[in-house]
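Read off the chains here:
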Amino acid sequence: MHMADALLSPAVGTTLWVGTVAVGGYASKKLKERIDDRMIPLMGVLGAFIFAAQMINITIPGTGSSGHLGGGMILAIILGPHAAFLVMASVLTVQALFFADGGLLALGCNIWNLGFYPCFLVYPLIYKPLIGDSHNSGRIIAVSLLSAIAALQLGAFSVVMETLLSGKSELPFGAFVLLMQPIHLAIGVIEGFVTAGVINYVLSARPELLESIAASRSHGAEISLRKVMITFVVLAVITGGALSWFASTHPDGLEWSIEKVTGKGELQEAEHGIARVLKGIQKKTAFLPGYNFKPEGNDPKKAETAPARPGIEVGTSVSGIVGAVIVLGMIVLIGVGIRSFRGRDA
Amino acid sequence: MSHHIVEFKNVFFRYPDGTEALKGVNFRITHGESVGVVGANGAGKSTLLQHMNGYLMPTSGTVTIGDLTLTGKTKREFRKKVGIVFQNPDDQLFMPTVFDDVAFGPLNLGMDEASVRERVRKALGMVNSLDLQDKPPHHLSSGQKSAVAIASVMAMEPDILAMDEPAANLDPRSRRSLISLLKTFKHSKIIASHDLDLILDVCERCIVIGGGAVVADGPSAEILSNKAFLEENNLELPLSFQGRS
Amino acid sequence: MTFDTLYFDIGRMDRLSYRETFVHRLDPRAKVIATILFLFTVISFPKYEIVALAPFFLYPVLLLTVGEIPVRFIIKKMIVVSPFAVFIGIFNPILDTRTAAVIFGVSLSAGWISFLSILLKFALTISAALLLIATTSFPGVCHALRRLGFPALFVSQLLFLYRYLFVLMEEAMRIVRAREMRSFGSRGTGMKVFVRLIGILFLRTMDRAERIYYAMLSRGFHGDIPSLKRSRIAFRDLAFMAITIAFLAVFRFLPITEGIGRVA
Ligand SMILES: Nc1ncnc2c1ncn2[C@@H]1O[C@H](COP(=O)(O)OP(=O)(O)O)[C@@H](O)[C@H]1O
Ligand SMILES: [Mg+2]
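Chains as they are written, first to last, in my numbering: chain E, 14 to 359; chain S, 122 to 366; chain V, 18 to 281.
Because the hints were derived from the structure by calculation, they are not lab data. All values reported here derive from a predicted model rather than from experimental measurement. Hints are supplied without guarantee of correctness; some may be wrong.
[What the hints assert, rightly or not] For lysine to any residue, the following SDA-like pairs were computed, each having C-alpha atoms within a straight-line distance of at most 25 Å:
{"hint": "1", "chain 1": "S", "residue 1": "K310", "chain 2": "V", "residue 2": "L234"}
{"hint": "2", "chain 1": "S", "residue 1": "K201", "chain 2": "V", "residue 2": "T22"}
{"hint": "3", "chain 1": "E", "residue 1": "K42", "chain 2": "V", "residue 2": "R163"}
{"hint": "4", "chain 1": "S", "residue 1": "K256", "chain 2": "V", "residue 2": "R213"}
{"hint": "5", "chain 1": "S", "residue 1": "K144", "chain 2": "V", "residue 2": "Y231"}
Kindly generate the complete structure, drawing on both the sequences and the hints.
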């Protein structure tokens, strides 16, 4: 599932972009050090392959709905982590541009969620150690399943975090997690089967192919476990630092809304059973304890107690609405004007 | 002009999977000649052409151009002398716009910007495609693609032009204009095709390949009118002869 | 969406981007930077802002009209990608029911306002992204990225991706058509068939990559993808940037819309 611009705050969007650009720069540098000439066209064409393959739908057994290939895992297995990350970034860039899938600011998040985890965490920490040099098809299926599920769970959890940290959505953490993780379990299972299926198919049809790519992909530039761990810790510290800096300078970027949701007993209990149950979990999993999930200074809750000044705090007033309508009307007029002017031109 | 003489001497080639694609090929092409290489599917035409600039290296035997013998070291020299136009223009036009594609070769030769632009203009002009230069290849018709593919090779100003099935994906009209275009080139040309009418039109000489070896070599008009011989090699009389016989 | 719609859709977008209008002729770098600034400005508005977002529609409307991009096409594409934002946003009115404003006697809850804000931001950001590519050819965007400091390697393979996108989509479409013709009922869409289709597509892709590499070698390739700089920042690009920045700054920081409403 793709993160969307409209749900993002500038702080979160920027942080993820910085992380993505840093990893992308690192991957390019690593690749460039010892790249085989044939890798550049190969990467590009494989990107186009992932894109085309994503357009072929599969009917998910028993559900009637359809899914498609994501591609992160399969690329990491074929091309190795560095090249795979760049290709995945390219595929998502093309999607963001041509289909506006997610949007351009959220692209940083999406590359991170769908590229970083499969390439730089799951591949070196799960896939590689478990698969070894084995070509056993059963093992490939099992390990691919595990890898794809892990990658997608991490990605889905990131979407939750990015949305919550941005503070544009009212969804409480627990309910959001319960929404996202199971869906992505199903997606991960499909992804795992398809990944394993394609790898096994290629291994049986043209066994030499994957080896020849492995030979030409930056000779021996596999990443070591230690390096991955260290890098990850460093990135986590930087990310955390950046986030808390933003949080302290731009409080509204992190305005949490859990309290006001759960704090009010009146709120349709029947409808929000899950949310209420999960409230407990939330409090226990206080993952950013400093923020306490408390609404910040410009708390719109005040509007409730002071209906005499309707909605000044939330920036909406009658004159505001009137102004907005007038402005939009003018913009439409301008648009229509230019259109008809052009029309006469032609 | 001895440096434009292409010579295959007893060339054998075996693919890694064991397929014997060439089994002792011998021929010699002199400067300015226009030669058709014909043969049924799988006869070894493409394999032969790929020896002309060192994608494939003879398992035994030698390929020479002038006094240069094809080896791992001379590959790059060979590639400057021989321009190959591949069968599928989509594989040949790999850059995002026509201009970039035609400029790719000259830029790799290390030419400066002005000369590159001049080369591109000249090459595109040669195939009447100057107006296409800002288009991406996927917006072109197949006839336009094949013209631009030729231009992208011509921009390298090779001594010898080699083409693999140049008319395979073309509609009749594009095929006609390709033929008249090829006739205007004064280069040495080697054209592999099973389109015998095209060969008859463009090439005065014709080499017939069968089972990985040369089975006939002579004037096109003579060889391509020999019905019995052609049928023996799984080929058919060119249409232009069929009416008369 | 089905394969065919996606395919024609992306093809149409691509063709729009090669038009010749004032907007299309602007330097890609100027458009990329303007788009990024626009996106940042829009999402920097707080959660409950709706009124101040209104003037920002001028930007996509101008690009649409001056760039001669069909409105309906862009709107259709926006609707197609809307589910995630709508799905997440719709929880706001459900969970946040405090009355925030009474507009002409109708009381509006804070949740509806923040949901509306998400929708407006969605419309603005998505249309800006779509209009960037509708008015700038993809190679133009890539060259802009290169000259804004993205690694050459990344940009080169991105250009290859673009070049072969259409070729491989056609190839995939042929494979899918063949599956449809040979399969009756559901047998043709199961996991096994699906995996085989992708496997075949993969093998063909690998063979193609090999042929492309040969074609590159035959034209002197030795590791670098050379390219001539073509665009130069012209006066009109600077003017476009300046006006965009001024517009964004004015409407971001001054409550003009509300002022208009008061006067009216
Ligand atoms: N990459 C390859 N690996 C193995 N065999 C091949 C390969 N390419 C071609 N061949 C075989 O070599 C023979 C000659 O093929 P080719 O030169 O492509 O013929 P033509 O171009 O005349 O149709 C055929 O038997 C073909 O199957
Ligand atoms: Mg052939």
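Each hint tested on the structure:
{"no.": "1", "hint": "S:K310 <-> V:L234", "in the structure": "20 Å, holds"}
{"no.": "2", "hint": "S:K201 <-> V:T22", "in the structure": "44 Å, violated"}
{"no.": "3", "hint": "E:K42 <-> V:R163", "in the structure": "15 Å, holds"}
{"no.": "4", "hint": "S:K256 <-> V:R213", "in the structure": "35 Å, violated"}
{"no.": "5", "hint": "S:K144 <-> V:Y231", "in the structure": "24 Å, holds"}
Violated hints, in rising order: 2, 4; the structure is consistent with all others.
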